[in-house]
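Asker: Chain residues, written in single-letter form:
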Amino acid sequence: MSRLSIGSLFRRPEAGAFLGMVAVIAFFLIFGGINFLKPSGIASWLNVAANIGIIAIPVGLLMIAGELDISIGSMIPAGSMIVAIMSGHYDFPIWMSIIVVLGFGVVVGFINGFLVVHTAVPSLIVTLGTLFAVAGLVLGLSVLITGTTSVSIKAPDFYKAVFGQFIGGTYQVIILWWFAVTAVYVFYIHYTKYGNWIFAIGGDRESARNAGIPTTKLTIILFILSACSAAFVGMCQALLFNSAQVSAGMSYIFNVIISVVVGGVVLTGGFGSVVGIVFGTITFAVVNQGIYFTSFDRNWSSLIIGVMLLAAVLMNNTFRSMALSYAPKKK
Amino acid sequence: MTSPVLELRSVDKSFGPIDVLHDISLKMNEGEVLCLLGDNGAGKSTLIKTLCGVHKPTRGSILMDGAEVTFSTPREAQDKGIATVHQFGGTFPLMSIGRSFFVGVEPTKGWGPFKIYDRKKANKIAVEAVQNFGITRVDDGDRLIGGLSGGERQSLAIARAVHFGARVLILDEPTAALGVKQAAHVLRIVNEAKRRGLAVIFITHQVMHAMAVGDHFAVLIRGAIAADFRKGERTREEITDLMAGGETMADLERQIEGYADA
Ligand SMILES: Nc1ncnc2c1ncn2[C@@H]1O[C@H](COP(=O)(O)OP(=O)(O)O)[C@@H](O)[C@H]1O
Ligand SMILES: [Mg+2]
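Taken in sequence, the protein lines are chains A and B. When the first sequence is numbered by my numbering, its final residue is 331 and no position is left out of the sequence of numbers. When the second sequence is numbered by my numbering, its final residue is 262 and no position is left out of the sequence of numbers.
Bound-form chain A, shown alone:
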């Protein structure tokens, strides 16, 4: 009996991600020493993980549903610039900027989702288009309005406390946001029918539609979630660092996708888990930051991440086929 439950535990989508996470933490403990797990060490990778993690979950859900969203790369600076221009360059109240930031996320997400659902164009190409369009729009407007590509913003204490401060001097408050949204996602994806619908869409869109699932609406909602999440992260960064740059954000495209894949989401859709994505995000952040605790040159971290990504893809395939072939032993 217990053998059986261990067996099924290892066939869960997050099993590989969990093993990977334990492995990299062990690796950096050995080569970097215990500093890496002391409060300041933890902050270094938890901050990175939180910023990626808030975006990685909706992007991962899109991937489970069989879609991809790379426009997040320009939605992050869009979120930063909107709040900085509105409440830094001009003097609109922050709450108004927040509404515009999220509203812009809704608009771009809707455009992404609408185009993907109503044309046969793959989501990679659609969101590549909006990635550049939004980047151009933000750069153009920023130069037009402020004459520069970097705008500073001084937020009132309340908004800094909620969205952009260092707790205890090192932990970004966005970590708490990450924990909170993760809990909400885990609930809705794994404990309600809506999660089931997303997996069904990724399994076979046509059958899902015939089963009465509102596939179109759900796909558009997921695109809106990922665009809003990226804009939200951008906004928090502007409030944290008291300034916004047009160019920040493109590296997130890769970092987010790596976190999702390392987190055990199958590239062809239909399989994955929120907890797995969280493990994948932590794994990425640990490698990304852990290298500073070792005596290695930091360029080596890219090698580790690349190898890890390939290993994860291979492992996902193995776990997937193991999960598929799972049959209880005859008594």
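Hints in this document: simulated from the structure, not taken from any laboratory. All figures in this text were calculated on a predicted structure; none of them were measured in a lab. Just so you know, not all the hints are guaranteed correct.
Chain A side only, calculated, beta carbon under 8 Å to chain B, not exhaustive [unchecked claim]:
no.	residue
1	S207
2	N210
3	A248
4	G270
Cut-off 20 Å, straight-line C-alpha distance, at most; resulting in silico cross-link-like pairs (EDC-like, lysine to aspartate or glutamate) [as the list claims (entries may be wrong)]:
no.	chain 1	residue 1	chain 2	residue 2
5	B	K49	A	D204
6	B	K80	A	D157
7	B	K27	B	E68
8	B	K194	B	E68
9	B	K56	A	E206
All residues carry an ideal CB built from backbone N, CA and C; glycine is no exception.
Using the hints provided, position chain B with the ligands relative to the given structure of chain A.
Answerer: Frame of chain A, contents of chain B with the ligands only:
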């Protein structure tokens, strides 16, 4: 005399200039298996797609319980009790038995925004439904569909259709990819569905499988019904000849010899 569950009257189907089905008239009764036989390209798949709402007939009409119906989507046909099970059964290989059984109609418990998907209930009902069909090896609702054998998957899909109140069950070559034992499994389930009063449309290439469960046979040749007969009215050889496109075994032998002479 009750009217047939489903009836086709002089149905034609063309795709633009290509005529695929000509003047098809068929009746499907409760508790009967209609075997649809025919060579590749004869139009079997097109016929069932017309029945289940994927295609609309170009001419002619579809009747349910004697009343004319039109299906604009597969969903509409499903809602009226017409269920289609495809060759590979479950379409969500990476989902669990319980979850895929209830896709779109998940049982929930709780209240308002905190309604929780009732995994235990879903698994229990799904497992019971297949076990009622005699597939006792499926006993864990958390197993993934992709981990089931081909026969089990078909059985699960059929059990699901029956559970959700299907009256007409359309099976497109359910035994084509299966071994002898697995196929026997599926045939037993077809019989069970028949016993429960469903009208079953069973498409197959294998005359043996058709004869094992069929009450009524229709042979399709180039989109037209070449023969329509009931159980016991034809021998196996006659049916095999009909399926080969109206050519008899003797014709085939002559042809082979002809090649040899040339
Ligand atoms: N959507 C379509 N458009 C044009 N021709 C089609 C279409 N669907 C099927 N056909 C044609 O109809 C004929 C019958 O096909 P099909 O119903 O798939 O046969 P079967 O299932 O008996 O092998 C084939 O010649 C096929 O090319
Ligand atoms: Mg066919």
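Asker: Broken hints, numbered, in rising order?
Answerer: Failing hints, ascending: 3, 6, 8.
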